[in-house]
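Colleague: The lines below spell out each chain.
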Amino acid sequence: MHVVIIGNGIAGVTAALALRKRRRDWKITLVSGESDAFFSRTALMYVYMGHMRLQDTLPYEPWFWQERRLDRVRGWVVHVDTAAHRLTFDDGRTLAWDKLIVATGSTPNRFGWPGEDLPGVQGLYSLQDLEALERHSVGASRAAVVGGGLIGVELAEMLHSRGMHVTLLARESAYWNNALPTAEAEMVGGVIRAAGIDLRLSTELGAIEAGDHGRAAAVRTGAGERLPAQIVGLTAGVRPSLGAVAGAGLDAGRGLRVNAQLRTSHPDVYACGDCAEIVDDPERPGRVEQLWYTGRMQGEVCGANVAGEAQTYVRGVWFNSAKFFDLEWHTYGQVRAAASTRPPGERTHLWQDAARRRLLRVDTVDGAVVGMNALGLRQRQDVWTRWITEGRSMADILPRLGEANFDPEFSGKALGQAAGALREVQA
Amino acid sequence: MNRNLTLLGLVLLLVGLGTFVASLFGHALVGGWGGLALTWLPFTAGGLILAVAPYAGTTPGIKNDGIWRGTFSGRGVGAWLLGLVLTGFYCLVYWWPEHLEGAIRALDPLAQALAGGPASQWFLYGYLYTLAVTIMGARMAMRYRHNRYQLVRTASVVFFQLAFGFLVPQLLRAFQQPEFYFTYFWPLKKEYLFPNDLQGLASSGGFGVFMAFWGVAVALVATPVLTWYFGKRWYCSWVCGCGGLAETAGDPFRQLSDKSLSAWKFERWSIHLTLVAVTVVTALVFGNWALGGAWLGEASGKATHWYGFLVGSVLSGVVGVGFYPILGTRVWCRYFCPQAAILGLIQRFYSRFRITTNGGQCISCGNCSTYCEMGIDVRAYAQRGQNIVRASCVGCGVCAAVCPRGVLKLENGPVKTR
Ligand SMILES: Cc1cc2nc3c(=O)[nH]c(=O)nc-3n(C[C@H](O)[C@H](O)[C@H](O)COP(=O)(O)OP(=O)(O)OC[C@H]3O[C@@H](n4cnc5c(N)ncnc54)[C@H](O)[C@@H]3O)c2cc1C
Ligand code: SF4
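If you read the protein sequences in the order shown, they are chains H and W. Heads up: the first sequence begins at 1 in our numbering, then just goes up one per residue. Heads up: the second sequence begins at 1001 in our numbering, then just goes up one per residue.
Please note that the accuracy of each hint is not assured.
[To be verified] Pairs of lysine-lysine, DSSO-like flavour, derived with a Cα cap of 30 Å: (1) W:1302 / H:21; (2) H:21 / W:1416; (3) H:323 / W:1063; (4) H:413 / W:1063; (5) W:1416 / H:413; (6) W:1302 / W:1189; (7) W:1265 / W:1189.
Keep in mind that the hints were calculated from the coordinates and are not lab data. Nothing here was measured: the structure is a model prediction, and the numbers come from that model.
In isolation and in its complexed conformation, chain W is listed as follows:
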């Protein structure tokens, strides 16, 4: 029965993909809603079936059989091909969107309905991103249906991506409001503290003032408070869109992260350097603004541009997502995300969050470390009976889920008992 279902899913997915590729080359069979439905209905249905079918009829529990033997999940040929497709797609979106024109036009009806205007490459990107999070979110929920923490958390990331990562920005456009993402803050969205951008928001009317205030208040007040209380996870594995993609579409690749000490050393340099870079860029922008552009001339504009290219496009997109099948899911989050750097510093030094170890029950099997997408050697702590307090931990809870001896538990509690 599962085999027939899988076959059906595969056929539907291929119909969707086929018409998508045809539309890329300007060969849409039908236009308007019909064309949209012809591609995306079978794609979504096929994707959902393929995501869920392998778990239908299995008993609820950890299902990691054959992961390292899979061509996609075990760094086989499929993984390299998928990596090529993903990096290629990111390059097109960022730098050569004209090659996506057919697919973008195919989404026009949806963009019109939601935002009252034509689609752009960013609309296409956001649409695909949200679709991936939703379909693979269903897979995640099916895989971990025995674990309420995973269910609630997965529902949360899918909701935030769907609502605040995709729909709300479109609706804002429909109501002639400035584009705004309520779930991104400085320094991940560095502009949300840039003076000109704040002024722009504020001058757009009452709601704009609220958005400007929201961005500043969450970045400066809510972030430290929530992170103190819940740890970094409140954002990285519950709200953030980048985290949302990693936690859903990225789940098949989480085991590929590098667990070595050298990777940890690299991470501590790279992530804090990005934080320094974004701080410098922000300071330059502020300096320039305060001095009416007289200071440093073009420097702040150039710095913003290069930071956007290197960090925003190359590291977060092309490498961050494109390399999922090779380097694992959280390359961006672990090595480069400046937001993660700040949350991590708070989590490491002043948070109630920790992963508790259950006495001497650890059998050093290594499942926890293997499935840690952040490359934390969880076992190194667990086998010594130590709690895990690490800057990079996003609190996804998968180490605790896969542990066959019930050794790990994510907890909030008094800081001094960590």
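Bound-form chain H, shown alone:
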């Protein structure tokens, strides 16, 4: 049995490991056009900023792949023939498979902006993007980043670390407020500005203008303002990367459609990670999850199912984390971003310290805790997951908030203050 996995990111690699654990004698091949070795995409920013070398982002040493007998093939897949069980690379090589796992990740969104193909304009997703960014950075003094999400703020921080003047354009009226409630969004926006980034909210990209050498020289906002920029970062989200399976006859929507066992419309083809769209989730049909940990969890389930088990992918209580310059964010469960859409019975409770460095928010539905946001406070996942699963009340969790503390020792009394001062608020 030969299982071929397109994509050696977290989803593909986790699937390979889960499969190897169950099937010692199957041949497993990991295919990628991007890199020979599995690296941590989430660490790209730290390589650019000089915190780490590229080799420090590799989660496994070379012996690991040999020991697990995971073959690796470098190349871009351009066609998958599901009838013949064969795939074709861009250089004409072919590879036969018995079962196929598609774990091709994402690709940055483009919206047909004028000038988006100019040299100096780029997204930040792949190793090749990182290399391009290094090239573009030579001699650049001003940069514009378009898109107010998590990667936008990372790219802004990266460019800023090289001494560039960075303008960050976001359509929203407060930073990432389609995911963050106003208080959080304002705190994050404050941090971005305090770091020296020129944050422009409620601002759309109009066009990218070329300079004398045909390279990007400025962006023009929707309102017509011209902002000089030799580097233009486009970080307006990502979408599933489906180039490899285009024309393969597999059912695809936003992503490659899979059932809860992560199997596609073809019985021998599975998909996991960023590129998969989970269709038969009763709560949220057509769900695409573009996170590191969901890639890992999907890979685990996918590998098991390819090995012949019948595991169902259950994500569990939602969580996520990020870091906005120096400000860390932890979230567990569901927190409503837009106060205007809050149904009756749902309440939100907020605490912020005077210096606006820390924040804790807890949402309840009919008195039961359903989600929380923490900024500048590290919070323990297992404790909040338990509280949310058990639907604890505020009165119940407030006295034991300390149990959820995950800040370093001696970190002081922030959480105690929060417990005493969490108040119900409107937004």
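On the provided structure of chain H, position chain W with the ligands as indicated by the hints.
Modeller: Coordinates of chain W with the ligands only, in the frame set by chain H:
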């Protein structure tokens, strides 16, 4: 503003260094306190400014930008030159102190004031060591000012070096007491369990008896108890002078440690072999003492001598510190220190200490492993959601500090929940 400040720091440091080098060659401009002040005031002030200025005006938080591109911190030309200077200095201190005579004499006023006698190469060494720990301790505190664990811990190592690593031994000398370091124990200070040394201490009077008792009691009783309760960190990153230097002066080099599996394999052999060696040496000394020197003749003396040369001088000094800019800060602590070996065995098998992993939050970025000075592949555990229980972990807490996703926390708790 920062640029002017840096320039001022650089000028002051160079004045200090210049007069220091001049004094090495016997060209002190002025003698006595004046000469001392002329070298060490600008050196200290310049060092402090250079250590702290880069962080002035920055927001509190992790500041690792450009570390791997730095000539000193990224194994560039500067690192190799610095390594040469450091190894060279250690060789002079251990084997050719006569070349340091000028600098040693320049410290005489201070030695007189503290210890009531002239300075020696060891006084110079202790003085520079303590200065490095203090100046770079200020840097460490500035870098991690957002992290209370790092502040408390840094204050602790600086205090123990300044007080018990430097001042107290000098004061003991002033009061005609035997030389004694209250923060070193067998097997790091192997003599502190040697029968002749214990007898020597005890025969020097009441305080000597206390010192002899202290050395034995901490080595045999306090060490296992404290390590059970707090892990190895109570010593290695809070008290120990070697650890103190690594945690302060060594901070710019912590990322250079080798994270490979082969390095871990080497470490497990080398560190336990040193422990065996020091145990054998101690046993020989005891045997010889019990039999009144009749047993094995010269063997115990020879063994002690060679152990002192190889382990005490070459591995802990020349390689251990001299190679900071090339191999990272904890080469001695990780591969050779017999004290670390004992504490590590206790920590690995019977301690309440662990680094807890926060569920599934790890994004496998690798910051934790990169900045682990002991070369532990922290990420390998964190990405599987496993707690980290490793013999070599000194509990410096930097992995937890640099983790951008709040995944790691140093904790003490019931042994069975590790
Ligand atoms: C800068 C950045 C920061 C991020 N930070 C975070 C974070 O902090 N937390 C978080 O949860 N998530 C983060 N993410 C998202 C996270 O990295 C992704 O969700 C995750 O990497 C997806 O993993 P995957 O295995 O599905 O796909 P990928 O990692 O994209 O791997 C897919 C691989 O398949 C290859 N491939 C695609 N098509 C082909 C083809 N036709 N032929 C051959 N090979 C092909 C790709 O080149 C790629 O190597 C970040 C993403 C970026 C870009
Ligand atoms: S630094 Fe944190 S997120 Fe990164 S690998 Fe280590 S534990 Fe995981």
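Colleague: So if I understand the rule, the pair passes when the alpha-carbon distance is 30 Å or less; does residue 413 of chain H with residue 1063 of chain W pass?
Modeller: Distance ~25 Å between residue 413 of chain H and residue 1063 of chain W Cα, so the pair holds.
Colleague: Is it true that the CA of residue 323 of chain H sits at most 30 Å from the CA of residue 1063 of chain W?
Modeller: Within the cut-off at roughly 14 Å; holds.
Colleague: Holds or violated: residue 1416 of chain W and residue 413 of chain H, Cα atoms, limit 30 Å.
Modeller: holds, 28 Å
Colleague: Between residue 21 of chain H and residue 1416 of chain W, is the straight-line Cα distance small enough, at 30 Å or below?
Modeller: holds, 28 Å
Colleague: Take a quick look at whether residue 1302 of chain W and residue 1189 of chain W sit within 30 Å of each other, Cα to Cα.
Modeller: holds, 17 Å
Colleague: Does residue 1189 of chain W sit within 30 Å of residue 1265 of chain W, going by the straight-line distance between their CA atoms?
Modeller: holds, 26 Å
Colleague: Between residue 1302 of chain W and residue 21 of chain H, is the straight-line Cα distance small enough, at 30 Å or below?
Modeller: violated, 54 Å
Taken one by one, the earlier hints fail for this structure only at number 1.
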